[in-house]
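Novice: If you read the sequences in order, they're chains A and B. Quick note on my numbering: the first sequence kicks off at 1 and runs consecutively. Quick note on my numbering: the second sequence kicks off at 1 and runs consecutively.
It should be emphasised that the hints constitute simulated quantities derived from the structure, not laboratory data. Don't take each hint at face value.
In silico DSSO-like links for lysine-lysine, alpha-carbon gap of 27 Å or less [what the hints assert, rightly or not]:
(1) 171/B / 75/A
(2) 295/A / 285/B
(3) 52/B / 116/A
(4) 52/A / 107/B
(5) 171/B / 322/A
(6) 20/B / 51/B
(7) 82/B / 289/A
(8) 116/A / 295/B
(9) 52/B / 75/A
(10) 198/B / 75/A
(11) 52/A / 116/A
(12) 82/A / 52/B
(13) 289/B / 295/A
(14) 51/B / 52/A
(15) 82/A / 75/B
(16) 295/B / 322/A
(17) 51/B / 51/A
(18) 198/B / 289/A
(19) 198/B / 171/B
(20) 51/A / 8/A
(21) 51/A / 322/B
(22) 322/A / 198/B
(23) 52/B / 51/A
(24) 322/B / 82/A
(25) 20/B / 82/A
(26) 75/B / 289/A
(27) 75/B / 295/A
(28) 51/B / 322/A
(29) 82/A / 82/B
(30) 82/A / 107/A
(31) 82/B / 285/A
(32) 116/A / 289/B
(33) 52/B / 52/A
(34) 322/A / 116/B
Keep in mind it's a predicted model, so treat the numbers as computed, not measured.
2 protein chains.
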Amino acid sequence: MAFSFELKHTDRNCSARVGKMVTAHGVVDTPVFMPVGTRAAVKTMSPDELKKIGAQIILSNTYHLYLRPGHELIKEAGGLHKFMNWDRPILTDSGGFQIFSLGETFKITDEGVNFKSIIDGSSHFLTPEMAIEIQNDLGADIIMVLDECSPYPSEKKHVKEAVERTLQWAKRCKKSHHSEEQALFGIVQGGVHSDLRKYSAQNTVEIGFPGYGIGGFSVGEPHDMMFEILEDTISYLPEDKPHYLMGVGNPTSILEAIGLGVDMFDCVLPTRIARNGTVFISTGKLNIKNSSHAKDFGPLDPNCDCYVCQNFSRAYLRHIFKVGEILALRLLTWHNLYFVFNLIDRAGKAIAGNSFLDFKNSFIGQYTGEDFK
Amino acid sequence: MAFSFELKHTDRNCSARVGKMVTAHGVVDTPVFMPVGTRAAVKTMSPDELKKIGAQIILSNTYHLYLRPGHELIKEAGGLHKFMNWDRPILTDSGGFQIFSLGETFKITDEGVNFKSIIDGSSHFLTPEMAIEIQNDLGADIIMVLDECSPYPSEKKHVKEAVERTLQWAKRCKKSHHSEEQALFGIVQGGVHSDLRKYSAQNTVEIGFPGYGIGGFSVGEPHDMMFEILEDTISYLPEDKPHYLMGVGNPTSILEAIGLGVDMFDCVLPTRIARNGTVFISTGKLNIKNSSHAKDFGPLDPNCDCYVCQNFSRAYLRHIFKVGEILALRLLTWHNLYFVFNLIDRAGKAIAGNSFLDFKNSFIGQYTGEDFK
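Same shape as in the complex, but just chain A (with noise of 0.2 Å):
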């Protein structure tokens, strides 16, 4: 197995924790954001970027790569890793939680999930089986169970059946995945509801992974409440395990997650908020199409050390934002995701250093105005 997880130090006054993730592709230290290459390119960013502004490990979707190229195509490439360019590790997903939350039709049954095409609206029938099948074929690091992905609100009894689901086709994933090379992650589903979190997490352990997912957050529930579950969920989790909650982004719930013992994030929310021109900046988020920012000729972020803030003014990127120049949303994505790798490598060292609380709450204080949610 080329994959193994060290717990190396968890912080003495909260469950933050510092690890080392060991894939085929190299080390990850963790905590890790993961930014997402939905379709083979993580948006507007070359692979050099990426790791010139520290991506360990990056995410991509296996429902769109499914559909373009096809799986077979990237299978033939070589895999994913060489088809984009990317030697560093990947994970990808399942296909299940776009195929949930993209289409507009999809039939679950316990035997798979059939859905339309976004492209095409052609008709496709995903079971647990193919799904790994296709992992397989674009040959991810880290690949993910087919799950169930309830939304917000649910009846309890849907969300209790979609947990069943899950662990029913996690045991089908695990059975069919053969490759050493690759580990594949177990997913604790169950909404909002404690016991069926706490039943979805004791039974996901029982069948046994290399690491969890935490899905079915930030799909709408009050924030307040997902921390409280969340904390939950994690209790049931054996500690020497990666704790990844997948879908989560924003920079104050990175560090409260953090704070709780998550070790892995992704969420397209850095690079998609970027193209719509509003970045993170230490005071909170800014908007560069505000007109406040016209005649700026200071960096987005004074306390950043990027390459865009140490080489172009708010009076520039927002002049090239304004009038549509693609340039605009590449420096807005690098100032973002570095941004975010930049926080959870300090959050790193202030877990080292056992003083994460207070860097999150020094942070947090700083960050005015209402984050994403």
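Fit chain B to the supplied structure of chain A, relying on the hints for placement.
Specialist: Just chain B now, with coordinates in the frame of chain A:
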């Protein structure tokens, strides 16, 4: 005066030349291609990348910058170099060409030209003096006189009027330009009429400039006619001053024009066609959208040593282009600009060895299919 030009060598077998321009922001080896940064950004590219692939000097458009973000703002930012973070030489055009080519309604008088903004339809009046003032504010190393470019075809008497007006405007531009840091180039017009080209060239030279633009080509006239008149036009220009063929940028025309004694080029072509999926390769043009590239895991051009050709396959580039990833536009632009820089670099070496004609014929012999006109 910060500007000088040194003619270093002329090929023994043709008029192709290598030279050196010294500007306020550094040295430019000629022949040279200037990528176009219309709105203070070369589309999709960062300044660092442009340097990495060999851009010595870029062109930016006065018309666009005047309208957005405004020359006063750029002056306040410390000039265009600082505003866009480009510390190598810049050339700005006068704005005239865009007024005539983009505007639906404009009215030329001897005093200047009245036009409506393509952004909001507002009315503006540009005089030769204003063209200089705006370009003084932008602070480019080389600036251009306001000229009147005749479309093709035009009645000869209209072309003659445009030549006369361009001469009058050139005098007024020269008179109102006082910056020692910026070299003001004259522009030769005259359409496809040998006698008018001769008249325009001789009288522009009479006014006296440190360099000469040759305008009004590649506006729809037959291709062969362009080279015939171009050769004739250059014969009336001083040998010891740079010859700048405005708006021409396809590989075969660049080589033909270099052979006639052209030193400088600019064109949106390499960047524009890249965003439509077309690249130059040594055997001709290639459209990445073609299905024949779907499973082609080789590079765009096996003979190219650019970052794109060294790291990405046609299959990958086709995939990311077809799904609309910005990275595709970046990588194709990167390759096309590198292709042109590399072509001119090799042309310069061939000139130094008096073998330019062989080089040109060998390139054109390999480059099959129609080139852009």
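Novice: Given the hint that residue 295/A pairs with residue 285/B, does the C-alpha gap stay at or below 27 Å?
Specialist: Measuring from Cα to Cα gives roughly 43 Å; hence the hint is violated.
Novice: Mind checking the alpha carbons of residue 116/A and residue 289/B for me, to see if they're no more than 27 Å apart?
Specialist: holds (25 Å)
Novice: Hint check: residue 82/B vs residue 289/A, CA-CA at most 27 Å. Holds or violated?
Specialist: Roughly 21 Å separates the two Cα atoms, so the pair holds.
Novice: Would you check the hint for residue 75/B and residue 289/A, treating anything up to 27 Å between C-alpha atoms as holding?
Specialist: Distance ~21 Å between residue 75/B and residue 289/A Cα, so the pair holds.
Novice: Can the restraint linking residue 51/A and residue 8/A be considered satisfied, given a maximum Cα separation of 27 Å?
Specialist: holds (24 Å)
Novice: Tell me if the straight-line CA distance from residue 52/B to residue 75/A falls inside 27 Å.
Specialist: Since the Cα atoms of residue 52/B and residue 75/A sit roughly 33 Å apart, the hinted pair is violated (cutoff 27 Å).
Novice: Is the straight-line distance between the alpha-carbon of residue 82/A and that of residue 107/A 27 Å or less?
Specialist: The given pair, whose Cα atoms are some 34 Å apart, is violated under the 27 Å limit.
Novice: If you draw a straight line from the CA of residue 171/B to the CA of residue 322/A, is it 27 Å or shorter?
Specialist: Violated, at about 37 Å.
Novice: Are the Cα positions of residue 171/B and residue 75/A separated by 27 Å at most?
Specialist: violated (66 Å)
Novice: Sort out whether residue 295/A lies within 27 Å of residue 75/B, counting only the CA atoms.
Specialist: holds (11 Å)
Novice: Below or equal to 27 Å on CA atoms is what counts here, so check residue 198/B against residue 171/B.
Specialist: holds (18 Å)
Novice: Straight-line Cα separation of residue 52/B and residue 116/A no greater than 27 Å?
Specialist: violated (45 Å)
Hints 1, 2, 3, 4, 5, 9, 10, 11, 13, 15, 16, 18, 22, 25, 29, 30, counting from the list given before, are not met by this structure.
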